[in-house]
Amino acid sequence: MLRLYKTPALLRRLLPGYTWLREERGKVLYLTFDDGPIPEVTPWVLEQLAQYRAQATFFAVGDNIVKHQDIAEQILAAGHRLANHTHNHLRGWETSLERYLENVQQCQQELERLNPIAAQPKLFRPPYGRITLKQAAALRPAYELVMWDVLTNDYDRSLSPEKCLREAIRCTQSGSIIVFHDSLKAQRNMQYALPRFLDHFTAQGYTFQTL
Numbered sequence: 101m102l103r104l105y106k107t108p109a110l111l112r113r114l115l116p117g118y119t120w121l122r123e124e125r126g127k128v129l130y131l132t133f134d135d136g137p138i139p140e141v142t143p144w145v146l147e148q149l150a151q152y153r154a155q156a157t158f159f160a161v162g163d164n165i166v167k168h169q170d171i172a173e174q175i176l177a178a179g180h181r182l183a184n185h186t187h188n189h190l191r192g193w194e195t196s197l198e199r200y201l202e203n204v205q206q207c208q209q210e211l212e213r214l215n216p217i218a219a220q221p222k223l224f225r226p227p228y229g230r231i232t233l234k235q236a237a238a239l240r241p242a243y244e245l246v247m248w249d250v251l252t253n254d255y256d257r258s259l260s261p262e263k264c265l266r267e268a269i270r271c272t273q274s275g276s277i278i279v280f281h282d283s284l285k286a287q288r289n290m291q292y293a294l295p296r297f298l299d300h301f302t303a304q305g306y307t308f309q310t311l
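In terms of the numbering used here, the sequence shown opens at residue 101 and continues consecutively.
Please note that a few of the clues may not be correct.
Said to hold, decoys possible - Restraint-style ranges between C-beta atoms, simulated for each label pair:
| id | residue 1 | residue 2 | range |
| --- | --- | --- | --- |
| 1 | P216 | R103 | 37 to 43 Å |
| 2 | Q220 | E198 | 21 to 27 Å |
| 3 | S258 | A218 | 18 to 24 Å |
| 4 | R296 | R199 | 38 to 44 Å |
Claimed, not checked - Subject to a maximum C-alpha distance of 27 Å in a straight line, what follows is the list of computed DSS-like cross-link-like pairs (lysine-lysine):
| id | residue 1 | residue 2 |
| --- | --- | --- |
| 5 | K127 | K222 |
| 6 | K106 | K263 |
| 7 | K285 | K106 |
| 8 | K222 | K167 |
| 9 | K127 | K263 |
| 10 | K106 | K234 |
| 11 | K263 | K167 |
Think of the hints as simulated: they come from the structure by calculation, not from any bench. Bear in mind the structure is a predicted one, so any value in this text is a computation, not a measurement. Just so it is clear, CB atoms sit at the ideal spot from N, CA and C, and this is done for glycine as well.
Given these sequences and hints, build the entire structure.
Right under this line is the structure:
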């Protein structure tokens, strides 16, 4: 099975209107977590980040914010960022422009209800990385469209936790935006890889910041 861990430079050049990584001179990394918050996984992630004084950006599903507002508030209280991942985790390629934009706005309203200041500037990541050109063009004036440099594939249950960690470490460089998932599907691989990933790069003098 072919898995893509590192976003090819050619793809970044072909799609320049998206944020794939941050050009950094120092040892800075950007951890991101998609699909939460949920009580079974997200509090554990927050505990791991706190141990390493690491900051992260959580691309949250609006419906999960509504269901688990207390956990969303914990994310903000710990100094992390909450960002937009649509309200219902929509597949952009299969969703009309009007419905997609309404769903993004619905999620943004939940973010701003929690903390209007923390919801700025507006960050958006399309679920599955799937978004049409029209959807992107409509969102881009108001949102920074954030993709990734490193995809851990932690959600792939056929992938061993050890390989998930190994490939994530191999592909990460200064300025990388790394995707983990605070979801039940990714729980096994993420809970193995995340603390070891944090330990590895902290020992090398890296810091983890929010986008």
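Against the structure, the hints:
Taken as a hint, the range 37 to 43 Å holds for the pair P216 and R103, whose Cβ atoms sit roughly 39 Å apart. For the pair Q220 and E198, the supplied restraint of 21 to 27 Å holds, since their beta-carbon distance comes to about 25 Å. A C-beta distance of roughly 37 Å is found between S258 and A218, which places it outside the suggested range of 18 to 24 Å. Between R296 and R199, the C-beta spacing of about 40 Å keeps the proposed range 38 to 44 Å intact.
Distance hint between K127 and K222 is fulfilled; the C-alpha atoms sit about 25 Å from each other, no more than 27 Å. Distance check on the hinted pair: K106 and K263 sit about 14 Å apart at the alpha-carbon level, within 27 Å; holds. Between K285 and K106 the alpha-carbon distance is near 21 Å, which keeps this suggested pair within the 27 Å criterion. Of the pairs offered as hints, the one joining K222 and K167 holds, with about 22 Å between alpha carbons and a cut-off of 27 Å not exceeded.
The hinted pair formed by K127 and K263 meets the criterion: a straight-line CA distance of about 24 Å does not exceed 27 Å. Between K106 and K234, the direct Cα distance comes to roughly 26 Å. Compliance with the 27 Å bound is thereby established for this hinted pair. Restraint check for K263 and K167: the C-alpha separation of about 33 Å exceeds 27 Å, so the hint is violated.
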